[in-house]
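*Asks:* Chain B: place on chain A using the hints.
So the chains spell out like this:
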Amino acid sequence: MGSIDISALAESMLAAAKAPLGNLWATAAPFAKDQFINIAQTIASIGEQVVAGQLTEAQAALELDMQKNAAETALLTVKGMSEIAAESAVNGALGAVAAAVNTALGFTLISL
Amino acid sequence: MMKPLLRCTLLFFAAVSVLLLSGCQVHFIAAYDPVLDNGLTQLQQSTEQFLGTLDAEAGLPEASWTDNQSFYTQSDATLRTLITRAQSEPKSAIIVQELQLLEKSYTDLMNLHQTMGDKGLSHVMIVDSRSGLENSYKSIFTLELALQSRLNTAAAPTPAASAPALTP
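Sequence order for the protein chains is A and B.
Those letters in the first sequence? Residues 1 to 112, by the numbering used here.
Those letters in the second sequence? Residues 1 to 168, by the numbering used here.
It cannot be assumed that every hint is accurate.
Stated by the list, open to error - No farther apart than 27 angstroms at their CA atoms in a straight line, the calculated lysine-lysine pairs in the BS3-like style are these: (1) B:Lys-104 to B:Lys-119; (2) A:Lys-79 to B:Lys-91; (3) A:Lys-79 to A:Lys-33; (4) B:Lys-138 to B:Lys-104; (5) A:Lys-79 to A:Lys-18; (6) B:Lys-104 to B:Lys-91; (7) A:Lys-68 to B:Lys-91; (8) A:Lys-68 to A:Lys-33; (9) A:Lys-79 to B:Lys-104; (10) B:Lys-104 to A:Lys-18; (11) A:Lys-18 to A:Lys-68; (12) A:Lys-18 to B:Lys-138; (13) A:Lys-18 to B:Lys-91; (14) A:Lys-79 to B:Lys-119; (15) B:Lys-138 to B:Lys-91; (16) A:Lys-68 to A:Lys-79; (17) A:Lys-33 to A:Lys-18; (18) B:Lys-138 to A:Lys-68; (19) B:Lys-104 to A:Lys-33; (20) A:Lys-33 to B:Lys-138; (21) B:Lys-104 to A:Lys-68.
Claimed, not checked - What the simulated footprint calls covered on chain A by chain B, stretch by stretch (three residues with Cβ under 8 angstroms from a Cβ of chain B suffice, anywhere in the stretch; the number is not a length): (22) 5–18; (23) 26–39; (24) 74–82; (25) 88–94.
Keep in mind the hints are simulated off the structure, nothing from the lab.
Virtual Cβ for every residue (Gly too), placed ideally from N, Cα, C.
Pulled out of the complex, with its shape left as it was, chain A reads as follows:
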């Protein structure tokens, strides 16, 4: 059995996370990279333990599922952070025109 390339594993997860985020990627990249490297290292360790007879395949599947859950949670956090960033951008745009709109209307329509 060949060894698992931890860097390649982490890079694949990073690439999957990067595509949907577009310009928001820069915000989430440090967190995502750190998380995916940790997860890739543990996945490699699980594989080695099966080869060494320390884990059965059924047990390895349970441990792998925990890592998959962690990876999915990391992606969800990246998505959540991107939503906060988008929210901030929209509110910033509204804030930029709030005074002009409120003045034009004579009452406070946009309150930030």
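*Replies:* Chain B only, in chain A's frame:
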């Protein structure tokens, strides 16, 4: 006197704002919830203590599946309570999904423990399981911190008063 075109543009923007925003900030994701944050912190603490004790007792009868079932019952009850609380908040889909994945990981840990029966979890199993759980917690707390930062820097939604209280 404001030019008609500018006035129309502003009025159009204002109308869209009324429809979309109801006169306040937009929120794409749920509010920071300190009760949820505290509940998760307590659950992680009890889990770390549980895994540490199991590691110290590896191979002893005290580490067996039979002697430790109550931990899984208790942690499942806590997670279900947290999920119910999160579900009561608007725009909480991401947070709910994260908690459901965490619940799955606790079930995986329970099933792993069950496969070992009287022997209990081995050291390597504890190391790997701890890594999985800690990575999940790290992601969840990172999002909670981001929500908390939003709370500190701008007007943000607050958790609904009707959200169920968490009893530790």
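*Asks:* Work down the list of hints and note, for each, if the structure agrees.
*Replies:* Now for the hints, and whether the structure bears them out:
1. B:Lys-104 to B:Lys-119: The hint holds at about 23 angstroms.
2. A:Lys-79 to B:Lys-91: 13 angstroms, holds
3. A:Lys-79 to A:Lys-33: 14 angstroms, holds
4. B:Lys-138 to B:Lys-104: Given that 27 angstroms is the threshold and the Cα spacing comes to 16 angstroms, the pair holds.
5. A:Lys-79 to A:Lys-18: Holds: A:Lys-79 and A:Lys-18 sit about 10 angstroms apart, inside 27 angstroms.
6. B:Lys-104 to B:Lys-91: Holds: B:Lys-104 and B:Lys-91 sit about 22 angstroms apart, inside 27 angstroms.
7. A:Lys-68 to B:Lys-91: 24 angstroms, holds
8. A:Lys-68 to A:Lys-33: With a Cα-Cα distance of about 15 angstroms, the restraint between A:Lys-68 and A:Lys-33 holds, given a limit of 27 angstroms.
9. A:Lys-79 to B:Lys-104: 20 angstroms, holds
10. B:Lys-104 to A:Lys-18: 25 angstroms, holds
11. A:Lys-18 to A:Lys-68: 17 angstroms, holds
12. A:Lys-18 to B:Lys-138: 19 angstroms, holds
13. A:Lys-18 to B:Lys-91: Satisfied, since the Cα-Cα distance of roughly 23 angstroms is no more than 27 angstroms.
14. A:Lys-79 to B:Lys-119: 41 angstroms, violated
15. B:Lys-138 to B:Lys-91: Distance ~21 angstroms between B:Lys-138 and B:Lys-91 Cα, so the pair holds.
16. A:Lys-68 to A:Lys-79: 17 angstroms, holds
17. A:Lys-33 to A:Lys-18: Satisfied, since the Cα-Cα distance of roughly 10 angstroms is no more than 27 angstroms.
18. B:Lys-138 to A:Lys-68: 14 angstroms, holds
19. B:Lys-104 to A:Lys-33: Holds, because 23 angstroms separates the two Cα atoms, which is no more than 27 angstroms.
20. A:Lys-33 to B:Lys-138: Roughly 13 angstroms separates the two Cα atoms, so the pair holds.
21. B:Lys-104 to A:Lys-68: 10 angstroms, holds
22. 5–18: Coverage by chain B is violated here, the residue count being 0 at a Cβ distance below 8 angstroms.
23. 26–39: holds (count 4)
24. 74–82: holds (count 6)
25. 88–94: Coverage by chain B holds here, the residue count being 4 at a Cβ distance below 8 angstroms.
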